[in-house]
Amino acid sequence: MLQSAERVKGLQRVNDFVVKFANVNGSGSASANTLFAKSILRMGVPITPRNIFPSNIQGLPTWYEVRVSEAGHLGARGGGVDLMVAMNPQTWTQDVASIVPGGYLFYDNTKPMPPSRFREDIVVIGVPLTEITNKAYTESRQRQLFKNIVYLGALSALLEMDVPEIEKLLAEQFRGRDKLVAANVQALHMGRDWALANLECPIGLTLRRANTVGDRIFIEGNAAAALGAVYGGATVCAWYPITPSSSLAEAFTRYCGRYRVDPETKKNKFAIVQAEDELASIGMVIGAAWNGARAFTATSGPGISLMQEFVGLAYFAEIPAVIFDVQRAGPSTGMPTRTQQTDILSCAYASHGDTKHVLLFPEDPYECFEFAALSFDLADRLQTPIFMLLDLEIGMNDRLCKPLTWDDSRMMDRGKVMTEEELQAGKDFGRYLDVDGDGIPYRTYPGTHPTRGAFFTRGTSKDRRARYSEEGPDYEENMLRLLKKFDTAKQLVPRPIARSAKEPTRLGAIYFGSTSPAMDEAEDILAERGIHLDLMRVRGFPFHQDVKSFIGEHDQVFVVEQNRDGQLRTLLVNELEIDPAKLTRVLHFDGTPITARFISDAIADKVGELKVVPFRKAVP
Amino acid sequence: MTFIPKPKLHHPELPKNALGYTRRDYEGAVSTLCAGCGHDSISAAIVRACFNLELPPHRIAKLSGIGCSSKTPTYFLGASHGFNSVHGRMPSVLTGANLANRDLIYLGVSGDGDSASIGIGQFAHIMRRGVNMTYIVENNGVYGLTKGQFSATSDRGAKSRRGVENKDEAIDLVGMALQLGATFVARSFSGDKDQLIPLIEAALKHQGAAFIDCISPCVAFNNHEGSHTSFDYVREHNLAVNYLDVISGREEITVEYAAGTVEMVKQHDGSILRLRKLANDYDVHDRIAAMTYLQERGAAGEIVTGLLYVDPEPMDLHHHMNTVSTPFNELDEAALCPGPAALDKLNASLR
Ligand SMILES: Cc1ncc(C[n+]2csc(CCOP(=O)(O)OP(=O)(O)O)c2C)c(N)n1
Ligand code: SF4
Ligand SMILES: [Mg+2]
Numbered sequence: 037m038l039q040s041a042e043r044v045k046g047l048q049r050v051n052d053f054v055v056k057f058a059n060v061n062g063s064g065s066a067s068a069n070t071l072f073a074k075s076i077l078r079m080g081v082p083i084t085p086r087n088i089f090p091s092n093i094q095g096l097p098t099w100y101e102v103r104v105s106e107a108g109h110l111g112a113r114g115g116g117v118d119l120m121v122a123m124n125p126q127t128w129t130q131d132v133a134s135i136v137p138g139g140y141l142f143y144d145n146t147k148p149m150p151p152s153r154f155r156e157d158i159v160v161i162g163v164p165l166t167e168i169t170n171k172a173y174t175e176s177r178q179r180q181l182f183k184n185i186v187y188l189g190a191l192s193a194l195l196e197m198d199v200p201e202i203e204k205l206l207a208e209q210f211r212g213r214d215k216l217v218a219a220n221v222q223a224l225h226m227g228r229d230w231a232l233a234n235l236e237c238p239i240g241l242t243l244r245r246a247n248t249v250g251d252r253i254f255i256e257g258n259a260a261a262a263l264g265a266v267y268g269g270a271t272v273c274a275w276y277p278i279t280p281s282s283s284l285a286e287a288f289t290r291y292c293g294r295y296r297v298d299p300e301t302k303k304n305k306f307a308i309v310q311a312e313d314e315l316a317s318i319g320m321v322i323g324a325a326w327n328g329a330r331a332f333t334a335t336s337g338p339g340i341s342l343m344q345e346f347v348g349l350a351y352f353a354e355i356p357a358v359i360f361d362v363q364r365a366g367p368s369t370g371m372p373t374r375t376q377q378t379d380i381l382s383c384a385y386a387s388h389g390d391t392k393h394v395l396l397f398p399e400d401p402y403e404c405f406e407f408a409a410l411s412f413d414l415a416d417r418l419q420t421p422i423f424m425l426l427d428l429e430i431g432m433n434d435r436l437c438k439p440l441t442w443d444d445s446r447m448m449d450r451g452k453v454m455t456e457e458e459l460q461a462g463k464d465f466g467r468y469l470d471v472d473g474d475g476i477p478y479r480t481y482p483g484t485h486p487t488r489g490a491f492f493t494r495g496t497s498k499d500r501r502a503r504y505s506e507e508g509p510d511y512e513e514n515m516l517r518l519l520k521k522f523d524t525a526k527q528l529v530p531r532p533i534a535r536s537a538k539e540p541t542r543l544g545a546i547y548f549g550s551t552s553p554a555m556d557e558a559e560d561i562l563a564e565r566g567i568h569l570d571l572m573r574v575r576g577f578p579f580h581q582d583v584k585s586f587i588g589e590h591d592q593v594f595v596v597e598q599n600r601d602g603q604l605r606t607l608l609v610n611e612l613e614i615d616p617a618k619l620t621r622v623l624h625f626d627g628t629p630i631t632a633r634f635i636s637d638a639i640a641d642k643v644g645e646l647k648v649v650p651f652r653k654a655v656p
Numbered sequence: 067m068t069f070i071p072k073p074k075l076h077h078p079e080l081p082k083n084a085l086g087y088t089r090r091d092y093e094g095a096v097s098t099l100c101a102g103c104g105h106d107s108i109s110a111a112i113v114r115a116c117f118n119l120e121l122p123p124h125r126i127a128k129l130s131g132i133g134c135s136s137k138t139p140t141y142f143l144g145a146s147h148g149f150n151s152v153h154g155r156m157p158s159v160l161t162g163a164n165l166a167n168r169d170l171i172y173l174g175v176s177g178d179g180d181s182a183s184i185g186i187g188q189f190a191h192i193m194r195r196g197v198n199m200t201y202i203v204e205n206n207g208v209y210g211l212t213k214g215q216f217s218a219t220s221d222r223g224a225k226s227r228r229g230v231e232n233k234d235e236a237i238d239l240v241g242m243a244l245q246l247g248a249t250f251v252a253r254s255f256s257g258d259k260d261q262l263i264p265l266i267e268a269a270l271k272h273q274g275a276a277f278i279d280c281i282s283p284c285v286a287f288n289n290h291e292g293s294h295t296s297f298d299y300v301r302e303h304n305l306a307v308n309y310l311d312v313i314s315g316r317e318e319i320t321v322e323y324a325a326g327t328v329e330m331v332k333q334h335d336g337s338i339l340r341l342r343k344l345a346n347d348y349d350v351h352d353r354i355a356a357m358t359y360l361q362e363r364g365a366a367g368e369i370v371t372g373l374l375y376v377d378p379e380p381m382d383l384h385h386h387m388n389t390v391s392t393p394f395n396e397l398d399e400a401a402l403c404p405g406p407a408a409l410d411k412l413n414a415s416l417r
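Residue numbers (my numbering), protein chains in the order written: chain A, 37 to 656; chain B, 67 to 417.
Isolated chain B, as found in the complex:
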């Protein structure tokens, strides 16, 4: 199979954002995934989010591991540098890339096999380091690319297409991200773009480790009766705690809301998250309460979605490492090389 470039037909009537880009400018090659695959909806949501945020496409770096989900960076942001790394190891590559140039926007895309099975270690460590990024797991409860084996996020009791029951406990990546100190944690559903697009926007605006677990049904291997990640099952069990809108600092806020139903969260970069609460008692600033809530609702068989936790003033890896503001890849000899005089002095101390 060979890659088919998407013809870049620019319809003059397509709306442009402030940078003069249309949505097409954020698209990639034609997807080769199965028709109806949840992952394609997530790609579309990424395109929308980047367009809405008016991000210059070339300032985004997209990185992934291996899997159907990890293939998707080819299908969006064609003008961005992309990196299909090795299975389960995208987090380390993204961490290194981020250290080299703190000025780009980092988007990591992974699957549940990629992040929760082979890559669970790197997933955990990138969260605890607080790398400034948006990390999306396109979670379908199976290995799509290798044809339908259970992944580590499959629920105990979920059934494979052939009727085999999964006996192992599931790993909840959202719970892990919360425990490990991610400063933006959300769950969503590829079938709910109204919830997903603003969540991606908010994550891209977030200046720390942002994680989105996006349930994304695999129509080929995990969309049957008995599956816990089928479209029907997720729709039935979805408990959305909030919806949000991302408002750039420039926009004026005019509408007023009934007390308790809406919360405005100002992020470090000036953007404002307008949270429309569905569960009034849910507090997006309380990490521990979020963990408890998720456990309780999870035990009741519900899939909690929405923005689950946010720290509007996060610290990232560069902060921890006290690095200079200039990207490392712009530092030259004068900045990096101590020169011969320092070496002479050192030689003298070694005699």
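Just chain A, with the same shape it has in the complex:
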């Protein structure tokens, strides 16, 4: 029953297409959509889902886009949609318009629609979802919820999904609630049977078992970061809700409930405070860390702006703090549900006075976990704020990544903390003394020793023994030591990862964070077009020496970022004293995740403009 005036030959693709679900926020579609995505994973085919949602709770449109890619491309593909599951009448026109020629439109045809609402060049698949669910269920909430499972059932027939995998997932999801499992399985088959009986199944987009998922796991970056905080020994979390960072604090709450409740006393080995604002959250983090606990906050751009004064205090007073910034776009109402990399500079140079901060750029949930745990070691070791820069793209979407690992023998690096025994033995203590030549002084926790090691914490007006001083030389000495400490940080933050092109080239590209999968894919597309790029993924700031060498070794380096101003490029120019002409901006900033198509087109265009023939590097 493929209804189309002239039959269009639909796209023919196996394990390589994009499905998009257009839903109404609050309609309960999220769990059916996740089920769809996970069951494809269980077939051994990599997928990457993305939530595209407005800043609203109920009633407004949401989309869930799933890229299926046996080849393993995890970045957004860009371009149109191959199969649109159009469940939202409100967005119908734009949804239909977004289908690629030859693509498919799946919709609820209970109410007939005039032909003018369709397109000639697509394949239209109508399933009377409302009719089916109205017949099967009496309660309106049930009709609503099961409609999602019914469309999943129909899709399973149309795309040749592995039904036992879906059933298994349902059983896992509702473990122990057999009635619910049975009801869901029944709804699934209702949709499936209808499709098999009434439609030509499968359509041109099909799924086939494959083996390219491996042992990878499927998790949100925010959850992985929260888990990293649990493993890293964080005990205090102070936060103020803001999209897209809230789910990080919420995941921390969940994992602490699971892993951090003393089994005997039922008491908590953690404290999570929903603070009154971001000034208070960072203040609490600083207070807790000053007193020797590992503490963090999670926020987004507007929160970073509010934390500025305190961040400066932590920098000058040398107090560890971990700040997760899940980046979004802009202040006030500004696109809180869109992704960007726009806080690089406001974090790198946060606060007044001469300040510089350590930044970490995880590329996926695996690194969110790793870097989160590491950030607490870095904060303690360097006694300074550490910014973990995620974004909505990795923070709030489930992403396939390597399984998380933990070395049982790993110890927390609490940094230079003088103990009661050392003080008792007469070891010299001066809070801001550079005893080891690395710019990092010793600290003491309050209450350590009755007569030794106490000091007064304040901003900049102090000497190296933390005595009050407004003398110029004391100030300068301290500022220069802080620079030395920042230099030490270069060796401690994760090193950049370089990858050479398959052929020698004088072109390079630098990228970071969530741009990773799109860049990987763009590399291949460009190589096919004869443009070869050496790549460097920057993972931390201050920049490691390798970054400067990489730029030095190439004639032109593209800096690929998801912001308007080329913020990482600015940081590279400023900190490494690079000739700006050498660094070409490749900037994507419309709030959607960057795509391989965008990167490859932009770089190909620029290579043309530059008239730099990608000459082979002289082979030594």
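By construction, these hints were calculated from the structure, which means they are not laboratory data.
This one's a predicted model, so the numbers in the text were calculated from it and none came from an experiment.
Some but not every residue of chain B turned toward chain A, in silico, with C-beta under 10 Å:
no., residue
1, 153
2, 163
3, 409
Anything over 12 Å on all C-beta distances counts as not near chain B; from chain A, calculated:
no., residue
4, 282
5, 367
6, 534
7, 623
8, 640
Glycine residues also receive a C-beta, built at the ideal position from the N, C-alpha and C atoms.
Starting from the known structure of chain A, fit chain B with the ligands onto it as the hints suggest.
Leaving out everything else, chain B with the ligands in the frame of chain A:
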């Protein structure tokens, strides 16, 4: 200007407390405040209170915001860790510190600008969370450090040194603390150490959020005719409802008092507050009556001082959060890290 350490001359005849400390051991650096500033009297009272209570100085953490008042932690408890944080934000830093180590004694010092203007939000929230601490506002009705602007606690109608009248309504921090659930609320006057020292002692012994609004005249900018926080004005309008003595659980109580004039309040840690009542009808256990009383007396132009409210069995933030008794900063890998096996299990659930 550079800090001048106070020479630690130990007079052998100075009395020692049970820990073997003299009063000097509770002092700090020489004050750099204006001679006669009320804040210095409060510092002296803190020194006395800690000495009297026999507190080990290093087990106290003193935190403050920014202002002349917030500078004072340098001038007392030199053997304690101190933290001069940012303007108006001491409460959040203190809250975090308290979460990290519940075993220390937390003393927060602030000013009326610091707490009632820029920091009013954090002031409110630390009270409602019930953080176990002593929070003292050294209230002079002006910004001393920035040279005499009105603060949010200045009374409507009060006059600045240049004769400008304050047109805005005052914020009463005591009223706020009562409404927000502080479990120990007092007001005192830097010029009345007999009232102030025991109040600080009682607050330090209290196991919840203890707040003291201490009127502390600024001799440089707010001690003139027309000011409502000058020494003369406060002396004239002071209505003390009680005086108290703090008796450690160990001491024996022998003296007897006429019924109705004295009340013994036993606090959770065993210490006893002996309240010598001046206003017989005043009940320190009735939060709502306290608020009404303050409003009434305030409208009549009186400044009510003394212990205004106490809940001898307070619940603090750690209680609300159900935290372990071990300070967080002593928890090690074994206590905090779920380890690789848990992670493997989790990985398996994410496929
Ligand atoms: C963010 C910020 N804004 C302004 C100031 C300037 N400032 C320093 S102290 C102060 C007022 C202090 O008044 P109060 O807390 O009443 O203390 P006092 O000096 O009267 O004891 C101000 C406005 C500052 N330090 N930080
Ligand atoms: S300006 Fe006022 S508050 Fe500040 S030290 Fe002088 S008298 Fe005290
Ligand atoms: Mg003041």
